[in-house]
Amino acid sequence: MKLNRRDMIVLTAGASVAALLPVASSAQEAVDAIIAEFTGGAEMGAEGLTLTTPEIAENGNTVPVEVDAPGAASILVLASGNPTPKVATFTFGPMAGAQFASTRIRLAGTQDVVAIAKMQDGSFVRASREVKVTIGGCGG
Amino acid sequence: MTNRIFKSGLGLLGVLAMSGAAAAQDAEARLVLNEETPMVTVADAPEHMADTGIRTIYSGWAFRTGTTQELQADDFINPAFLAVDEAIVAWDEVDGTAGESCANCHGDVEESMAGVRAVYPRWNEEAGELRTLAAQINNCRTEQMGAEPYKYDGSEMTAMEALISVQSRGMPVNVAIDGPVADIWEQGREMYYTRFGQLELSCANCHEQNYGNYIRADHLSQGQINGFPTYRLKQNALIQTQNRFRGCIRDTRAETYAVGSPEFDALELYVASRGNGLSVEGPAVRP
Amino acid sequence: MVDTATPRVRVPRDATAGEIIEIKTLISHDMESGQRRNGDGDLIPRSIINRFTCDFNGQNVIDVAMEPAISTNPFFEFMAIVPESGTFVFTWYDDDGDVYTDSKDITVT
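Chains as they are written, first to last, in full-length UniProt numbering: chain H, 1 to 140; chain C, 1 to 287; chain R, 1 to 109.
The hints are simulated quantities; they were obtained by calculation from the structure and are not laboratory data. Using N, Cα and C, we set each Cβ at its ideal position, and we do this for glycine too. One should not assume that every hint holds.
[To be verified] DSS-like, lysine-lysine: derived pairs with alpha carbons at most 25 Å apart:
| id | chain 1 | residue 1 | chain 2 | residue 2 |
| --- | --- | --- | --- | --- |
| 1 | R | K24 | R | K104 |
| 2 | H | K132 | H | K86 |
| 3 | R | K24 | C | K234 |
| 4 | H | K132 | C | K234 |
| 5 | R | K104 | H | K86 |
| 6 | C | K151 | C | K234 |
| 7 | H | K86 | C | K151 |
[What the hints assert, rightly or not] Some, not all, of what chain C presents toward chain R, calculated at C-beta under 10 Å:
| id | residue |
| --- | --- |
| 8 | D74 |
| 9 | F76 |
| 10 | I77 |
| 11 | F81 |
| 12 | A83 |
| 13 | E125 |
| 14 | E126 |
| 15 | L233 |
| 16 | N236 |
| 17 | I239 |
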């Protein structure tokens with residue numbers, strides 16, 4: 001697992017490491033489990049899926065997200081830092097004009113949004129983008 | 001597809017790179033509704049603001065990121081229009097003991113309400129009182145329709161205000177401040193400069209002296225109300241002007257006035273007049 | 001909040017055969033996530049639209065499995081190919097069993 005700066009400070013200080021790590025790892029495990037369920041554990045490529053998000057969201061309640069993966073059968077979208085990471089799964093039918101979809105999602109805070117496309121040939125592609133969610137000034 | 005939604009992203013960088021009140025806005029960003037109605041989001045300050053130090057007035061739209069700005073540019077993706085749709089139904093609905101609907105007296109909303117939002121709050125000669133748009137709607141309901149008044153800042157009221165506001169979008173705010181409302185306007189101006197609450201903050205402290213600066217991770221606007229009622233992403237709902245006033249004053253840790261109170265009516269008149277010259281934008285979208 | 005969900009759908013009125021068109025949909029719904037608490041500190045039960053589908057002349061365009069992280073008043077934009085004149089049917093499935101539908105005709109010239 002990756003340790004962020006705050007984790008390192010805690011580690012260095014020798015403080016309650018045991019209390020902190022399980023939280024971080026269980027959230028990551030939840031994300032990994034959802035991805036494994038979708039991919040069946042297959043390798044994921046990095047090309048062919050465009051995930052578009054704003055770099056900064058003024059409010060986490062309504063964050064526009066677009067996915068575009070020519071030749072995809074379906075696309076899974078995850079919010080890795082949400083209490084329930086799964087956001088949506090788009091499945092494209094024969095009348096889809098493009099393997100493209102746009103929606104608005106809720107983000108509990110600054111985090112990575114992850115998209116995984118299942119291509120029509122059975123392969124998988126993954127893309128990820130960080131969205132910074134700002135805290136409003138007025139009761140925000 | 002991507003370009004259209006995020007085309008204002010560069011504007012955002014411009015805003016973030018600058019600090020200080022005067023340079024906070026992106027001069028290049030332009031709001032055009034539905035690719036056909038240009039909106040004035042930057043204008044010369046009205047004459048009565050000559051001694052405020054503010055030469056240029058900016059819509060709150062100018063302080064937002066491209067992502068939020070885009071939500072307002074297309075009526076289809078502006079969530080406020082779900083409420084406008086509801087108000088279109090309510091406009092034709094008979095309610096109350098008189099057996100009347102809005103449409104029975106006013107006819108087609110697009111014709112009869114054009115320009116109305118731009119001049120409110122305004123003096124009602126017959127009643128001898130200042131009326132906000134919300135007060136006028138409730139006066140119609142209770143006096144003409146024999147219906148129950150809407151809750152002053154409830155969802156039915158904000159929806160009806162939004163429907164009426166839509167008919168004036170793009171027209172300049174043009175609120176009268178002289179004649180019979182002169183004293184009330186003066187009272188509103190005094191309130192604007194009065195420090196409230198444990199934090200001892202006046203409207204002016206934030207919205208005149210510090211617009212463009214950060215308050216936590218957010219940019220302070222000039223506190224213009226030309227975009228009200230406003231769909232606020234934080235609340236996922238249309239928010240009424242005086243409801244926002246109450247929120248501001250609450251944030252100073254003060255006891256607030258009630259919506260529909262004479263104090264807030266006076267403040268609304270004064271704040272509205274600081275936007276004279278900006279386009280009516282309601283229902284706008286803000287974070 | 002309103003007690004019934006009201007859909008808004010935007011589809012072009014006409015297109016040329018085989019054209020790829022853009023469709024936008026918006027529907028009023030609280031999308032109560034099940035994560036929030038009421039004034040008494042009790043969890044407000046989850047109540048969301050959990051699925052959205054669009055079909056053209058009986059064939060699927062897109063089928064979306066929706067989770068509580070979809071924002072209030074769900075919005076979707078997507079593309080469809082129209083080989084002939086016909087009807088788009090839009091369907092939203094609510095947790096409470098309600099189904100909301102809308103349809104739009106398109107003329108191919």
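Earlier hints that do not hold, by number: Numbers 5, 7, 13, 14 and 17 - these are the hints that the structure violates, sorted from lowest upward.
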